[in-house]
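2 protein chains.
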Amino acid sequence: MIIVSYVLGIIEAGGTKFVLATADADYNILQKKRISTETPAVTLAHCIDFFKANPVDAIGLGSFGPIGIKQGTQDYGHILATPKPGWAGTDMVGTLTDALHVPVFFTTDVNASVYGEYIAGAAKDVDSAVYFTIGTGIGGGAIQDGQFVGGHAHLEMGHAPVMLHPDDHFAGGCPFHGNRCFEGVAAGPTIELRTGEKGENLDRDNPVFDYIDYYAAQMAWNAYLNLAPEKIIFGGSVISEDDMPRVRAYFDQLNNGYVQVPEELIVHSHFPDNASATVGDFALAEAALKAAN
Amino acid sequence: MIIVSYVLGIIEAGGTKFVLATADADYNILQKKRISTETPAVTLAHCIDFFKANPVDAIGLGSFGPIGIKQGTQDYGHILATPKPGWAGTDMVGTLTDALHVPVFFTTDVNASVYGEYIAGAAKDVDSAVYFTIGTGIGGGAIQDGQFVGGHAHLEMGHAPVMLHPDDHFAGGCPFHGNRCFEGVAAGPTIELRTGEKGENLDRDNPVFDYIDYYAAQMAWNAYLNLAPEKIIFGGSVISEDDMPRVRAYFDQLNNGYVQVPEELIVHSHFPDNASATVGDFALAEAALKAAN
Numbered sequence: 152m153i154i155v156s157y158v159l160g161i162i163e164a165g166g167t168k169f170v171l172a173t174a175d176a177d178y179n180i181l182q183k184k185r186i187s188t189e190t191p192a193v194t195l196a197h198c199i200d201f202f203k204a205n206p207v208d209a210i211g212l213g214s215f216g217p218i219g220i221k222q223g224t225q226d227y228g229h230i231l232a233t234p235k236p237g238w239a240g241t242d243m244v245g246t247l248t249d250a251l252h253v254p255v256f257f258t259t260d261v262n263a264s265v266y267g268e269y270i271a272g273a274a275k276d277v278d279s280a281v282y283f284t285i286g287t288g289i290g291g292g293a294i295q296d297g298q299f300v301g302g303h304a305h306l307e308m309g310h311a312p313v314m315l316h317p318d319d320h321f322a323g324g325c326p327f328h329g330n331r332c333f334e335g336v337a338a339g340p341t342i343e344l345r346t347g348e349k350g351e352n353l354d355r356d357n358p359v360f361d362y363i364d365y366y367a368a369q370m371a372w373n374a375y376l377n378l379a380p381e382k383i384i385f386g387g388s389v390i391s392e393d394d395m396p397r398v399r400a401y402f403d404q405l406n407n408g409y410v411q412v413p414e415e416l417i418v419h420s421h422f423p424d425n426a427s428a429t430v431g432d433f434a435l436a437e438a439a440l441k442a443a444n
Numbered sequence: 152m153i154i155v156s157y158v159l160g161i162i163e164a165g166g167t168k169f170v171l172a173t174a175d176a177d178y179n180i181l182q183k184k185r186i187s188t189e190t191p192a193v194t195l196a197h198c199i200d201f202f203k204a205n206p207v208d209a210i211g212l213g214s215f216g217p218i219g220i221k222q223g224t225q226d227y228g229h230i231l232a233t234p235k236p237g238w239a240g241t242d243m244v245g246t247l248t249d250a251l252h253v254p255v256f257f258t259t260d261v262n263a264s265v266y267g268e269y270i271a272g273a274a275k276d277v278d279s280a281v282y283f284t285i286g287t288g289i290g291g292g293a294i295q296d297g298q299f300v301g302g303h304a305h306l307e308m309g310h311a312p313v314m315l316h317p318d319d320h321f322a323g324g325c326p327f328h329g330n331r332c333f334e335g336v337a338a339g340p341t342i343e344l345r346t347g348e349k350g351e352n353l354d355r356d357n358p359v360f361d362y363i364d365y366y367a368a369q370m371a372w373n374a375y376l377n378l379a380p381e382k383i384i385f386g387g388s389v390i391s392e393d394d395m396p397r398v399r400a401y402f403d404q405l406n407n408g409y410v411q412v413p414e415e416l417i418v419h420s421h422f423p424d425n426a427s428a429t430v431g432d433f434a435l436a437e438a439a440l441k442a443a444n
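Going down the list, the sequences are from chains V and C. Oh and the first sequence: position 120 is 271 in the numbering used here, straight run, nothing missing. Oh and the second sequence: position 170 is 321 in the numbering used here, straight run, nothing missing.
Hints are supplied without guarantee of correctness; some may be wrong.
The list cannot tell twin chains apart, which means a pair is met if one copy fits it or any two copies do.
Stated by the list, open to error - Derived pair list, reagent style SDA-like, types lysine to any residue, alpha-carbon separation capped at 25 angstroms:
id	residue 1	residue 2
1	275	296
2	168	393
3	221	252
4	221	416
5	235	407
6	221	350
7	221	278
8	275	179
9	441	297
10	441	296
By construction, these hints were calculated from the structure, which means they are not laboratory data.
Please build the complete structure, drawing on both the sequences and the hints.
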C-alpha cells in the first residue's frame, strides 16, 4: 500500500503539562493545544477529545516516566512507579488505542528528543546519538542505527554514578541517591538548593554553573564510554549553547587523551525551545503508521 | 543457497597470545593452536599458515583493542592506537582476507564474549546483555536484539568514571585516569599495587576484594542505567561466582530502590575458563558466513 496523505498526531506527556498537536506529512502543525496534567482519567479524556475533534492516522507519544517500553510485556504502554499521584499503573497506550483506533508509538520524552535530532537535527548526518535533557530532572535517550537503546527498560542516564567536582561539597538533591548521581548534583533544582536563588537570577560566573558544566561533561564522557555515539546533544533549560565550550573542555580533561572522539561530538540541541521532542514525536507517529501499513 | 556443511575458524587475538581454532557447524573443535603474540607480521603469518593448513569457510576474530569496527571507514578492521609495540595501524581484516579469501567478522574480545553468552550462555533466553571482563584491564561489551552496541567505535566501559569506595584511598593504576575510572581501581594489577601481593596469594577476606566487588557492582549499576540490559555478566580472572552475592548486594545499595531490575540480572559467566569468547567467535564466524551467502 502506498500512503499518499495522512495526518500525524503527537502527545508530549509531561508531569505538569501535555502538548497535543497534529501535523501534515511535512510536519507542518495543523492544530496544537496545551493542557495541564491532571488525573489520568481527566487528562487522557482531554487527549481523546482532541484527537476525536482532529482525527489523525497515528500518534507519537513521548512520555514522562518511568514507563513500560518492552513490547510483549504486561507493563508495555503503562506509566510505572512514578511518584506523581494517581499516575502509577496508567495504561496510556491501551486507553488511547481503545478510543482512537490508530497506532501509537510510545516512548520516553528523551527518546522522542533523540529521535527528532536523529531525523532532522544535530544527528541527522550520523548513525548514532545520545540526547541529554538537564531540567527539573536529568534524562538521557540513545539511538543507534534507528533503534533506541534499551533492552529491559528505558535508560536512566541521569541517575548514573558521578565523581564530584573537587570544590563541590553539596549534599545532593536526589531523593534516592543524594549527591551520588548526576541528577542529584546537576538538575535545575540543585541550583536553588545550593545558592538559595533560582538559576535565572544568578550571574553565569557563579561557580554553580561551572559545576553543572563539569557534570554535563562527565555525563557526556560516561555516555561516550558506554555507548560510543557519534553525537552527544544537550537540551533542557539549565545549560545553553554558551556552555558548550566549557563542557567540551571538561570532557577533554576527563578523557585525557585516552580515546579519539569524533569532531563536534558534543553539541547543543539543533532546535530552539527544546522542540526536538516535538519533531521526534511526529516522526515516531509516522514510523508507527508505516509499521502498521 | 542452503549451506549444508562448513568449517568455522576463530582467532582470539590477545596482547600476549593468539588462540586459533577450527570447528564444525556444531562448534566441536577440530584443530586448536595457541601462539604467542609477536610482531604483527610474524603473528599474522602464523594465523594464515594455520588456516591454509586447516581451511575454513569463515573466521570470527575477537581482538584486543582499540580496534576500528565501523564498517565503511578507513580504520575498519585495523588495530588502532595501542601501546603494544608495532601493532598500531595493523590491518587485521585486510591481511587475513587477502590471504584466505573468506569472510571475517571482526570485533572486540568482549563483544565476542557477550555474543557467546547471548547465543549459548547466561543471556541465551534474553534479548540484551552486557559482559564485563575484569582481568589485566577491564572491558565491557553490550548486545541488544542481536546487534552490538557501539556507533562511532567500540565501547570502553572500563574507563567510565567511578565513585571511590569511602575507605579506598588508592591513587589508582590507570595511566590515563589514575583512580578516576573502573580500570584504575579494580583491574587485576591494582591488587598488587595496593597490597604488594598478587591476588592469588591473598586471603579473600582482604578488603581489596571488598573494594573490587563494590566497583564491579558500580560498573553493573552504571551499565544498567546507560543500557538497561536484561543480563549483566561478569568474566575474567579477578572475580568469580563467589563474589556475585556481594556484587548484587552493593548493586542494590547503589540503586536504593530507584529502579526495578530483572530477577537474576547480575550473573557470572556461564562458561568455565572464560570460554564465552571462544563460543562467541565461532558464532560470529557463522554469522559472517551466512551474511556472505
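Structure-based check of all given hints:
{"no.": "1", "hint": "275 / 296", "in the structure": "both (11 angstroms within a copy, 23 angstroms between copies)"}
{"no.": "2", "hint": "168 / 393", "in the structure": "neither (28 angstroms within a copy, 49 angstroms between copies)"}
{"no.": "3", "hint": "221 / 252", "in the structure": "within (21 angstroms within a copy, 41 angstroms between copies)"}
{"no.": "4", "hint": "221 / 416", "in the structure": "between (29 angstroms within a copy, 16 angstroms between copies)"}
{"no.": "5", "hint": "235 / 407", "in the structure": "between (41 angstroms within a copy, 19 angstroms between copies)"}
{"no.": "6", "hint": "221 / 350", "in the structure": "neither (37 angstroms within a copy, 41 angstroms between copies)"}
{"no.": "7", "hint": "221 / 278", "in the structure": "both (23 angstroms within a copy, 11 angstroms between copies)"}
{"no.": "8", "hint": "275 / 179", "in the structure": "within (19 angstroms within a copy, 45 angstroms between copies)"}
{"no.": "9", "hint": "441 / 297", "in the structure": "both (14 angstroms within a copy, 23 angstroms between copies)"}
{"no.": "10", "hint": "441 / 296", "in the structure": "both (17 angstroms within a copy, 21 angstroms between copies)"}
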